[in-house]
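The listed protein sequences derive, respectively, from chains A and B. Each residue of the first sequence is one higher than the last, beginning at 19 in our numbering. Each residue of the second sequence is one higher than the last, beginning at 2 in our numbering.
It is worth saying that the hints were derived from the structure and are not from the lab. The structure presented is a predicted model; accordingly, all values stated were derived computationally and were not measured. It cannot be assumed that every hint is accurate.
[Said to hold, decoys possible] On the chain B side, residues computed to face chain A include the following (Cβ under 7 Å): (1) I5; (2) P6; (3) L10; (4) Q11; (5) R14; (6) F85; (7) L244; (8) G246; (9) E247; (10) T326; (11) A329; (12) G331; (13) R333.
[Said to hold, decoys possible] Listed below are the simulated DSS-like cross-link pairs for lysine-lysine, each with C-alpha atoms no more than 27 Å apart in a straight line: (14) A:K101 <-> B:K403; (15) B:K241 <-> B:K260; (16) B:K254 <-> B:K72; (17) A:K186 <-> A:K214; (18) B:K254 <-> B:K273; (19) A:K140 <-> B:K241.
Even for Gly, the Cβ is constructed at its ideal location relative to N, Cα and C.
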Amino acid sequence: MLMSPIPIVEIQNVNHSFGSGRLRKQILFDISTTIQPGEVVIMTGPSGSGKTTLLTLIGALRATQDGSLKVLAQELRGASESKLVELRRNIGYIFQAHNLLNSLRAWQNVQMSLELHSDVSKQQSRAMAEEMLASVGLAEWVNQYPNELSGGQKQRVAIARALVSKPKLVLADEPTAALDKKSGRDVVEIMQRLAKQQGSAIVLVTHDNRILDVADRILHMEDGYLSSLDVAAL
Amino acid sequence: MFAIPLAWLQLKREKIRLLVALAGIGFAVILMFLQLGFQDALFDSAITFHRNIEGDIFLVSPQSTSLIAMKSFPERRLYQSLGFSGVKSISPIYIGFGIWKNPFWEGPPMPQTRSILVIGTVPGDNIFSLPGFRERQAQLRLSDVVLFDSASRAEFGPIPAKFEALQPGDMPIATEVENRRVEVGGIFQMGASFGADGNLITSDLNFRRIFSSREKNLIDIGVIQLEPGTDLQATLERFKQNLPGEFRVDPQKTPEQAKEDFVVGDVRVLSKAAFVAVEQNYWKESTAIGFIFTLGAAIGFVVGTVIVYQILYTDVADHLAEYATLKAMGYRNRYLLSVVFQEAIILSIMGFIPGYVLCIGLYSLTRNATALPIDMTLARSIVVLCLTVLMCSISGAIAVRKVQQADPADIF
Ligand SMILES: Nc1ncnc2c1ncn2[C@@H]1O[C@H](COP(=O)(O)OP(=O)(O)O)[C@@H](O)[C@H]1O
Ligand SMILES: [Mg+2]
Numbered sequence: 019m020l021m022s023p024i025p026i027v028e029i030q031n032v033n034h035s036f037g038s039g040r041l042r043k044q045i046l047f048d049i050s051t052t053i054q055p056g057e058v059v060i061m062t063g064p065s066g067s068g069k070t071t072l073l074t075l076i077g078a079l080r081a082t083q084d085g086s087l088k089v090l091a092q093e094l095r096g097a098s099e100s101k102l103v104e105l106r107r108n109i110g111y112i113f114q115a116h117n118l119l120n121s122l123r124a125w126q127n128v129q130m131s132l133e134l135h136s137d138v139s140k141q142q143s144r145a146m147a148e149e150m151l152a153s154v155g156l157a158e159w160v161n162q163y164p165n166e167l168s169g170g171q172k173q174r175v176a177i178a179r180a181l182v183s184k185p186k187l188v189l190a191d192e193p194t195a196a197l198d199k200k201s202g203r204d205v206v207e208i209m210q211r212l213a214k215q216q217g218s219a220i221v222l223v224t225h226d227n228r229i230l231d232v233a234d235r236i237l238h239m240e241d242g243y244l245s246s247l248d249v250a251a252l
Numbered sequence: 002m003f004a005i006p007l008a009w010l011q012l013k014r015e016k017i018r019l020l021v022a023l024a025g026i027g028f029a030v031i032l033m034f035l036q037l038g039f040q041d042a043l044f045d046s047a048i049t050f051h052r053n054i055e056g057d058i059f060l061v062s063p064q065s066t067s068l069i070a071m072k073s074f075p076e077r078r079l080y081q082s083l084g085f086s087g088v089k090s091i092s093p094i095y096i097g098f099g100i101w102k103n104p105f106w107e108g109p110p111m112p113q114t115r116s117i118l119v120i121g122t123v124p125g126d127n128i129f130s131l132p133g134f135r136e137r138q139a140q141l142r143l144s145d146v147v148l149f150d151s152a153s154r155a156e157f158g159p160i161p162a163k164f165e166a167l168q169p170g171d172m173p174i175a176t177e178v179e180n181r182r183v184e185v186g187g188i189f190q191m192g193a194s195f196g197a198d199g200n201l202i203t204s205d206l207n208f209r210r211i212f213s214s215r216e217k218n219l220i221d222i223g224v225i226q227l228e229p230g231t232d233l234q235a236t237l238e239r240f241k242q243n244l245p246g247e248f249r250v251d252p253q254k255t256p257e258q259a260k261e262d263f264v265v266g267d268v269r270v271l272s273k274a275a276f277v278a279v280e281q282n283y284w285k286e287s288t289a290i291g292f293i294f295t296l297g298a299a300i301g302f303v304v305g306t307v308i309v310y311q312i313l314y315t316d317v318a319d320h321l322a323e324y325a326t327l328k329a330m331g332y333r334n335r336y337l338l339s340v341v342f343q344e345a346i347i348l349s350i351m352g353f354i355p356g357y358v359l360c361i362g363l364y365s366l367t368r369n370a371t372a373l374p375i376d377m378t379l380a381r382s383i384v385v386l387c388l389t390v391l392m393c394s395i396s397g398a399i400a401v402r403k404v405q406q407a408d409p410a411d412i413f
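Just need the whole structure built from these sequences, with the hints factored in.
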């Protein structure tokens with residue numbers, strides 16, 4: 019039998035509902051999929067279909083209610099809060115809004131992500147942060163505060179923050195939604211390039227059809243049901 | 002542990018908010034310092050006189066409540082105690098409030114008068130350790146001569162300055178006390194208290210001349226000095242056995258206290274410690290002063306707490322999305338709580354320092370304006386610093402509840 023690598027994410031028959039009693043509303047229905055190391059997966063689908071909900075489940079930001087969800091070989095269903103927090107440190111998040119800390123300079127924002135990894139010394143982590151900012155094209159901007167940067171620059175700082183600790187999995191939820199076409203494209207390409215270099219898998223939610231070409235695989239969410247689209251067919 | 006001092010960086014980023022917070026905390030610090038300072042000054046000033054009498058045992062009337070409300074008792078009791086073994090010497094003190102006329106008043110043609118505490122003592126008795134008194138004590142042998150307290154309030158007239166400026170051969174400073182002409186024969190230093198704005202010391206004979214209506218053979222305080230090495234408790238016991246009349250103690254006193262504070266017949270017998278304590282307790286317990294100042298300090302504390310809470314709450318609310326992001330990145334709740342508490346502690350220390358410095362100035366203003374012995378003490382500084390840190394911690398503890406609301410699932 020062929021030895022396949024251990025998947026980064028393994029989702030089996032996951033259901034998810036919000037609310038309780040009569041207000042209970044099921045959002046995700048019987049989701050199953052796996053994501054391999056280094057794979058770039060794009061998830062599309064109409065607004066309100068449950069993409070963000072699935073992403074927060076994979077990101078250990080929400081408790082898994084039903085089915086089985088393994089991330090980095092760790093079962094999330096029934097895992098303790100402390101285990102979830104631990105796991106989050108090994109995932110890079112990129113949000114629609116950049117969500118940078120306004121009181122911190124660009125390099126400090128990036129360093130915040132490294133501080134959670136005790137194996138990195140302080141001097142080392144500052145150097146790593148600046149290096150990472152350089153590789154997203156912000157070498158000149160390391161000392162800027164977020165409000166001194168443009169939208170695209172902020173999002174690139176956010177990418178640097180998500181990737182600096184070399185996570186095995188990067189989750190991005192419409193990272194280009196607030197950006198113009200050009201900088202949106204730049205941001206996605208930077209993300210893809212770095213993830214490939216580091217061997218990180220990416221799950222990227224987007225509405226933007228022009229960036230689908232960076233994907234290895236495309237998933238489509240519709241009314242809480244997940245289906246695969248054939249990349250070759252696009 | 003963390004290279005990035007997030008608490009400080011966040012505080013520093015919002016300069017206006019930081020200044021408002023510091024002003025608020027500084028205000029609370031000043032309020033607490035002033036209230037506690039006034040209270041200490043009052044209690045200290047009330048016992049300056051008592052502390053500066055060199056005596057081991059004191060006799061007062063059982064009806065006397067404090068220096069400003071002394072009742073007299075027969076001097077015979079004091080002379081009787083001279084016969085008890087261990088007693089080295091005795092000395093009577095007379096206390097009265099007299100109307101003093103400011104001799105240098107140049108205002109409207111009405112004389113400026115004010116009530117002054119007059120202390121009568123036997124000129125040869127060495128019972129006062131007040132600064133400047135010993136040097137001028139001999140003056141008391143002259144008739145109608147008084148010594149003036151240089152730390153009396155200014156309304157009595159510029160007596161100390163004028164006295165210092167006197168040249169040999171000048172006319173002495175003369176004025177009236179209770180309409181009797183007296184001359185100032187010297188200056189000593191005691192200090193105004195809440196009860197007395199100024200003080201005079203004169204001889205027993207002069208005292209009787211000023212307060213001519215007072216009954217003879219009555220005194221206000223009997224001071225008893227013991228032979229060196231005499232056992233105080235045993236001597237007090239002899240007072241209890243040998244003074245005439247019924248023995249009584251305040252039922253609220255502990256047996257230990259009752260040994261040094263008891264009544265026999267028509268006198269109350271006190272050790273020096275009890276003598277000081279009675280005066281202090283009068284001001285602490287029988288007047289609203291302690292309550293008022295404690296309340297004032299408490300208001301400062303509450304105002305400070307509310308201000309710091311407001312600031313911290315707004316700060317947390319503003320950073321809620323950032324905190325949620327940190328949680329998503331894998332920071333624990335504990336880290337965020339510690340950020341809020343660090344902010345609280347930083348605010349308290351930073352607010353304390355300007356408040357402290359300003360208060361040193363305010364104390365010296367108060368000292369000059371009121372002649373009260375108010376000073377920055379280490380003990381009070383520590384108390385106020387602790388209160389400030391506590392104040393900010395309480396605010397922090399309420400404000401951190403908001404941090405729990407930061408939900409990492411909400412930020413995608
Ligand atoms: N915290 C929540 N409580 C209740 N309903 C929610 C919550 N979050 C999302 N939903 C609902 O779940 C559905 C899917 O939302 P979402 O996952 O954000 O969709 P998408 O990201 O695809 O636009 C929507 O109908 C939304 O209203
Ligand atoms: Mg969404």
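Hint check results:
| no. | hint | verdict |
| --- | --- | --- |
| 1 | I5 | holds (5 Å) |
| 2 | P6 | violated (10 Å) |
| 3 | L10 | holds (5 Å) |
| 4 | Q11 | holds (4 Å) |
| 5 | R14 | holds (4 Å) |
| 6 | F85 | violated (77 Å) |
| 7 | L244 | violated (76 Å) |
| 8 | G246 | violated (77 Å) |
| 9 | E247 | violated (75 Å) |
| 10 | T326 | holds (4 Å) |
| 11 | A329 | holds (5 Å) |
| 12 | G331 | holds (3 Å) |
| 13 | R333 | holds (6 Å) |
| 14 | A:K101 <-> B:K403 | holds (23 Å) |
| 15 | B:K241 <-> B:K260 | holds (9 Å) |
| 16 | B:K254 <-> B:K72 | holds (22 Å) |
| 17 | A:K186 <-> A:K214 | holds (11 Å) |
| 18 | B:K254 <-> B:K273 | holds (16 Å) |
| 19 | A:K140 <-> B:K241 | violated (76 Å) |
Of the hints listed earlier, those the structure fails to meet are numbers 2, 6, 7, 8, 9 and 19, in rising order.
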